[in-house]
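Line order of the protein sequences matches chains V and B. The numbering used here numbers the first residue of the first sequence as 18 and each following residue consecutively. The numbering used here numbers the first residue of the second sequence as 404 and each following residue consecutively.
There's no promise every hint is true.
[Unchecked claim] For each label pair, taking beta carbons as the anchor points, the in silico distance ranges come out as: (1) V:114 x B:784: 42 to 48 Å; (2) V:93 x B:612: 40 to 46 Å; (3) V:114 x B:692: 38 to 44 Å; (4) V:183 x B:785: 38 to 44 Å; (5) V:170 x B:780: 31 to 37 Å; (6) V:183 x B:697: 28 to 34 Å; (7) B:552 x V:172: 51 to 57 Å; (8) B:785 x V:120: 48 to 54 Å; (9) B:691 x V:107: 40 to 46 Å; (10) V:93 x B:487: 30 to 36 Å; (11) B:780 x V:175: 32 to 38 Å.
[Stated by the list, open to error] Below are the DSS-like pairs computed for lysine-lysine, each with C-alpha atoms no more than 25 Å apart in a straight line: (12) B:633 x V:55; (13) V:99 x B:633; (14) B:444 x B:540; (15) V:50 x B:692; (16) V:55 x B:624; (17) B:689 x V:95; (18) B:624 x V:50; (19) V:50 x B:689; (20) V:50 x B:633; (21) B:591 x V:183; (22) B:666 x V:50.
[To be verified] A few chain B residues facing chain V, derived, Cβ under 7 Å: (23) 674; (24) 700; (25) 702; (26) 703.
These are computed hints drawn from the structure, not numbers from a lab. Glycine included, every Cβ here is placed at the ideal spot set by N, Cα and C.
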Amino acid sequence: MKKKLWIIMALILVVPAFLFTVGCQKRVATVVKEPVAKEEPKVEPKKEEPAPAPAPAPAPAKLDTTVMQSDIYFDFDKSNLKPEAQENLLQKAEWLRDNPDVTVTIEGHCDERGTNEYNLALGDRRSESAKAFLVNLGISASRLTTISYGVERPTCMGHNEDCWWKNRRAHFVVNQ
Amino acid sequence: MKRWRWFCIYVSMLILVSMGSQTCGAEEYEYIDISSPFLRKIPLAVPLFKNATADVKEAQLSKLAADFLAETLDFTGYFKLLDRGAFLYDPQQDGVIAPKINFQNWTVIGAELLTTGSYQLKNDEIELELRLFDTFKGSRILGKRYTGKIEDQRRIVLRFCSDVIQYLTGNKGIFDSKIAFVSTGSGKKEIYACAFDGHNPERLTYNNAISLFPAWSTDGKWLAYTSYKKEKPDLYIRNLTDDYENSIAREGINITPDWVPGKFELAATLSFSGDPEIYLLTGEGKIIKRLTRKPGSDVSPSWSPDGNKFAFVSNRSGSPQIYISDINSGEVRRLTFEGRYNTQPSWSPRGDKIAYASQVDGRHNIFVIGLDGEAPVQLTYDSGDNEAPSWSPDGSLIAFSSTREGPSRIYVMTAFGTDQRRLLVLAGEQTNPKWSRNH
Numbered sequence: 018m019k020k021k022l023w024i025i026m027a028l029i030l031v032v033p034a035f036l037f038t039v040g041c042q043k044r045v046a047t048v049v050k051e052p053v054a055k056e057e058p059k060v061e062p063k064k065e066e067p068a069p070a071p072a073p074a075p076a077p078a079k080l081d082t083t084v085m086q087s088d089i090y091f092d093f094d095k096s097n098l099k100p101e102a103q104e105n106l107l108q109k110a111e112w113l114r115d116n117p118d119v120t121v122t123i124e125g126h127c128d129e130r131g132t133n134e135y136n137l138a139l140g141d142r143r144s145e146s147a148k149a150f151l152v153n154l155g156i157s158a159s160r161l162t163t164i165s166y167g168v169e170r171p172t173c174m175g176h177n178e179d180c181w182w183k184n185r186r187a188h189f190v191v192n193q
Numbered sequence: 404m405k406r407w408r409w410f411c412i413y414v415s416m417l418i419l420v421s422m423g424s425q426t427c428g429a430e431e432y433e434y435i436d437i438s439s440p441f442l443r444k445i446p447l448a449v450p451l452f453k454n455a456t457a458d459v460k461e462a463q464l465s466k467l468a469a470d471f472l473a474e475t476l477d478f479t480g481y482f483k484l485l486d487r488g489a490f491l492y493d494p495q496q497d498g499v500i501a502p503k504i505n506f507q508n509w510t511v512i513g514a515e516l517l518t519t520g521s522y523q524l525k526n527d528e529i530e531l532e533l534r535l536f537d538t539f540k541g542s543r544i545l546g547k548r549y550t551g552k553i554e555d556q557r558r559i560v561l562r563f564c565s566d567v568i569q570y571l572t573g574n575k576g577i578f579d580s581k582i583a584f585v586s587t588g589s590g591k592k593e594i595y596a597c598a599f600d601g602h603n604p605e606r607l608t609y610n611n612a613i614s615l616f617p618a619w620s621t622d623g624k625w626l627a628y629t630s631y632k633k634e635k636p637d638l639y640i641r642n643l644t645d646d647y648e649n650s651i652a653r654e655g656i657n658i659t660p661d662w663v664p665g666k667f668e669l670a671a672t673l674s675f676s677g678d679p680e681i682y683l684l685t686g687e688g689k690i691i692k693r694l695t696r697k698p699g700s701d702v703s704p705s706w707s708p709d710g711n712k713f714a715f716v717s718n719r720s721g722s723p724q725i726y727i728s729d730i731n732s733g734e735v736r737r738l739t740f741e742g743r744y745n746t747q748p749s750w751s752p753r754g755d756k757i758a759y760a761s762q763v764d765g766r767h768n769i770f771v772i773g774l775d776g777e778a779p780v781q782l783t784y785d786s787g788d789n790e791a792p793s794w795s796p797d798g799s800l801i802a803f804s805s806t807r808e809g810p811s812r813i814y815v816m817t818a819f820g821t822d823q824r825r826l827l828v829l830a831g832e833q834t835n836p837k838w839s840r841n842h
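So that you can see chain V by itself, here it is in the shape it has in the complex (with noise of 0.2 Å):
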């Protein structure tokens, strides 16, 4: 009797001790692993369907992007804002305290003059530049989006300053 009541207190406290360290494992292996795509990916061909009547909802009122779609540009190896780009800037400001719900991603651009690393660096500074900008003009943080792409997306694909001073640029997207 003793024997069984032995086994029985053993049960109870070394069981649930085991079940205790299986679960401490698990949680410790939660390092994120992606996986890794080893082909092209194959693209689907569209099936044509027959379009269905588009329901004349009412059209919503047209975004007038145009202040946003200006450039604006910059000297070689420089992310500080000119004269002219702080002047646009302050229109796209006034644009975005009256369209208060659009979010904007900034692009940095570089010629591609100098190499790639470096440039990648500065385009980033160029975007945050003129995000700071913005930001002190009262636009929210959380609206404004940078990205660098360095010398990958030349706008202007010719080898001289007519190209050169294009490329040297912050873009703006707005995201509606």
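Based on these hints, arrange chain B on the given structure of chain V.
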């Protein structure tokens, strides 16, 4: 992988039981002094091998092996390969072992080193005996016998090359190393890798997005890189054996990784603070500490081989220049003073030099500078833009990208700037080469 292991065991057993080479340990490298500031190329003769039979296939494979041996030893930059047309030697008639070699026939054409080989094809198995001789002493330096499948031929020849370089220089050479790079062949910049000599290029990423700045861990098992696959420049740390990735995706840029030698840690530039700064990270992507603290850009860390210092690019003085930071003392000093645009530092695995790209008159060229910052030496001239230098693991060669033929491609040169040659031809443009650290 498994087959390779068996092959290794097979070869090493054969080496043990067979010829018993005369190698006397790693100290004996009077032939090539790798620390010499001058490059003296040793005249080397690599004649065709002696074949066991008159079989045509055997003769073809044997010639391929001999040619590959010559090409590979030439690739190292240590030798002046002598023209086979001048050889007073018939490999089928004359001997391949010391008593049967007339060394005067070699010294008279200027050869100081000679390799000989005998080759046999039996079914699908090949057997090679490869030897290296000092022609002036008339003595054998190395002798090895290898057996394997036909498809092992490249590995067998590379193994012998590795033994040759080990004997002559005291280190293993570069024959197991790889070069990662960026290529636009698919239409987007993706990461690729090839063998040290450009052999077997292989695409590693299928991100369908701009991918940049590959960096190997010391053991070659991890590759860090930047990709826009989630619409912004994030860092990915890929396990090359098990095919998964850790990511560092903070706000702003996450770029220019470089692994701390021998550790599962890396430095990289992150700009989540609003300013691009260099951080020390774990291989899982956690921040250990911030390494730079200056407004402006701090990018492109490159570790010293002892892991106590790193070179990096900063524009804190007004233009991009190379700096060195001591991580223990925190001391930072400027290394480059000539030129207004010095970027892409790469610290030599031998520790004594830093290669970088400098823009002069609108063109980028590769320079090498000592740690004292005195007298930078220009290695590339008048050949388009030459960028992104990366040292071979033994510090003897430098890979870089160049637009000398129009589109950007990967080239290799010696640490002295000699023997500049294209590494491989691929569709699209190739940039940002990074040589692995494993030999």
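Structure-inconsistent hints, enumerated in ascending order: 1, 2, 4, 10, 13 and 17
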